Structure formats: structure tokens, C-alpha cells
Amino acid sequence: MANQDTSETIFASEVEINGTIKTSGPVTFNGKLDGDLDSGGDVTIGKSARIKGHLNVESVSVAGEVAGNISAKERVEMLASAKVTGDVRAKRLKVEEGVSFVGRSDVNPSGAPVSSAASPSSASSAASAMPPIPGEPGGAGRK
Amino acid sequence: MASRSKAKVVDTFATLHATRLHARAPRYSTRTDTPEEKSESKPSGAPERKPGIQAGRTVMPTTYEIVCYSCGYGFVIRGRAKTTQCPKCGARLGLTDETITGAYTEELITAGRVHLKPTAILEGGKITANDVVLEGTVKSGFVHAYKTLELAKRAKIPEDLFEARSLRIGPGAKFAFNKKLNLRNLELQGELHADVTADGMVSIHAGGFFKGTLEAEHLSVEEGGGLRGDISVRSAATETETVKPESGDATPGETPPKDKTPTSLQDAPPVIRPL
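Chains as they are written, first to last, in the working numbering: chain A, 289 to 431; chain B, -19 to 255.
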């Protein structure tokens, strides 16, 4: 599976794994995984891949099925055939039309504190639907 | 007597043939588009009058999608007109585009487009149109867009004073609504905090940001777009039995059974969809 000259690891579609995959390099996964995948590099989840577990990666491109949380340090890309059931956390997100995605998303590319939504209010304050400017005192910080 | 040249006959076949040739050939036009200033305050994708498609010496009239403000029926007309008649209910519809620049207190009904400039202030007036571009302030009254409501950067409107089939948030704009929005399409180039149910397409462009609960049929996020909250997007064509996670402290979103439709769509009021 692994090519010792390069760091990329490729799993064919016939592969079925029960357990955790840990690697520091890029991974292309096309099989079935019942467990987590931890990678310090870029991960490509192929169209025929079925994963039941969490992904902790640098960046990931998903074209198959993932039932679990996806946590990427950089980028998450969901291609049109992707089916993701779980939470997604990354710096950047790209979703193509046709994706099926159910879960929670936490992606804020700007990195600025997200302004809080207007709270349920009386009629007088409902006249302004503008949220506070990010960064102002009282504005909700991102974390 | 001077010889008469044989008159050329332009019939339906010639028109269709010219159209097909035009579709294959590189497009050309004798009209020149007026360049518009690109700035954040300018509304972006608002529908505009498009020139007709020119194929040889034949100009195919531009088609316009109209939603009747009387019955909500959507239909298509060809060519420019000032008025038309709804083929369903027979109501006479005005098709003029209007621009409002100052204080406005009257009622305006049109099946065209209404553009409220940054200096426009709606005080007690009611605007009913197919497309509304809001750059000004709505203090009182009501804005009803049967197709698309675009909110620009400087627009101000309370959440209970508008109703729209589709919503577009312009670049640099930031809006937060407490009420749940039932839309067909949502297009974000700015920031929106709301709970949205869309039976069409939700598009988040680069620079756009959505925070809240989102239920949609289709979702598209450009790189650079932000998304935060509970998301439920099930493309109908790809809806199959979902795989449930078994391990870890994962708390994925809800995965309703295969034969259950989202309650939010079931509970949504019946909507007359434009074409």
C-alpha cells in the first residue's frame, strides 16, 4: 500500500479496515474504514470510500461517505458525490452542489470575531436588524 | 422599368436555422454593454434588462419570468412590455421598473423591479414587486418581493416588514433576523445570521458568511465562504440510507429515517414557485 519513495498512502476500494489509521503524510482512501483516520497531510476520500469514524487531518477532499466528525487544520472540500454526517471544523470550506451534509459546521475563513445575532427584543429595538460590528465591546467573540 | 430584386422570405424555418447557427458560432452582438462601477455598495446580481439574442439578422426577444402579484402564478413573457395579463387569473400586471430616491409613503405595485436607492426612506408605503433591491431604509410599511429581495450594504429593514421568495445579501452587508426565513433560494455575498429553510439553492460566495440553522435542498459554498451552525442539506437525487457513526464522542447532526421528510418543509406554507 505504501510507496516508500513518496509519503502518500493509497488504500484501494477493496480494502476494509477496523481500527485507527495514523499517518503523517498524505492519504488517498477508497475503501471501508470502521475507525478514525489521523493524518498530518492531505487526505482524499474517494467516491467509493465509506468511513465510520472521525477524520483529523490537515486538509481533506471528500467524495465518498463519512459518518463522523471532520476536523481539518486548513481546508475541507466536499465534492458533489460526498455524503457527510457529522460535524465539520476547518479554516476553509468548499462545498459543491449535490453534497449531502447533515451536522454542525464551524468554518469562519475571515477569522474575525463573529458578530452576535440580534437578540429577541421589543418593537423599538427590532427596528434595527443590524448586528453589532465585530470587534466592538459587547460583540460576541469567536472563542 | 428598373428590375426588381427577388424578396427574401423570412419564415419560421429561417429563424430557427439562424438561431442554431448562432448557438454554434461565437457570440457577437452589435450592442455594447455600458460598464458599471463595481463597488461594495452597488447591488450585484440584480436582474437587469438583457438585450435580445442576435442571430444573423434575427433578434430573438429576451424572455422574462413574471410572477403575478395577484395570484402568485409564474409565467414567461417575451420581449419588453409595459403591461401584461396573467394567463391564470387575468389580472393586468404592470411591468415597469421603478427607482425610489427619497421618502416614499405610497403604495407601489408592479411585476417589474423596484430599486430603493441609498437615499430612499420607506415610511408607511407598501412596495409589491417581482424583484426589489434595497439600499435605503425601511422605517415602516412593507416590502413584498415575489421573486428576489436583495439587501445591499447600507440597507436597513426590520425583519417583520418584508417578505420575499428568495433573498440575496449583497457584498459587505450584515443582517441578523430572529424570525425563521422560508425561502426558495438564498445567495450570500455578505453576512447573515438567521434560521433558514430553503427548498431551492443556498449559495455562499467567497466573503459570505452564514450563521444559524440551515435546512436546504442544495448547498454550494465557494472557497472563502463561512458557515457556522446546524446544517441539514439533503440533495434529493443523492438521498440514500445514511451511515451512522458508532464510536467516539461524536455528536453528528440528526439523521432522520429514510422515509421521513424534514418537518420544516412539511410545515412550510404552500408556496407558489416562480418559473
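Please note: incorrect hints may appear among the correct ones.
To be verified - Calculated pairs, DMTMM-like style, for lysine to aspartate or glutamate (alpha carbon to alpha carbon, straight line, at most 25 Å):
1. B:160 <-> A:324
2. B:136 <-> B:197
3. B:159 <-> A:394
4. A:335 <-> B:197
5. A:379 <-> B:203
6. A:361 <-> A:302
7. B:160 <-> A:330
Stated by the list, open to error - Beyond 12 Å from chain B on every Cβ pair, some chain A residues (computed):
8. 295
9. 300
10. 301
11. 304
12. 311
13. 314
14. 319
15. 328
16. 329
17. 330
18. 361
19. 371
20. 375
21. 396
22. 397
23. 398
No lab work stands behind these hints, which were simulated from the structure alone.
Note that the coordinates shown come from a computational prediction; the quantities given were computed from them, not determined experimentally.
Ideal Cβ positions, reconstructed from N, Cα and C, are used throughout, including at glycine.
Taking the hints in turn, this is what the structure says about them:
no. : hint            : verdict
1   : B:160 <-> A:324 : violated (37 Å)
2   : B:136 <-> B:197 : violated (29 Å)
3   : B:159 <-> A:394 : holds (22 Å)
4   : A:335 <-> B:197 : holds (21 Å)
5   : A:379 <-> B:203 : holds (10 Å)
6   : A:361 <-> A:302 : violated (29 Å)
7   : B:160 <-> A:330 : violated (38 Å)
8   : 295             : holds (25 Å)
9   : 300             : holds (20 Å)
10  : 301             : holds (16 Å)
11  : 304             : holds (14 Å)
12  : 311             : holds (19 Å)
13  : 314             : holds (19 Å)
14  : 319             : holds (14 Å)
15  : 328             : holds (20 Å)
16  : 329             : holds (19 Å)
17  : 330             : holds (15 Å)
18  : 361             : holds (16 Å)
19  : 371             : violated (7 Å)
20  : 375             : violated (6 Å)
21  : 396             : violated (5 Å)
22  : 397             : violated (5 Å)
23  : 398             : violated (7 Å)
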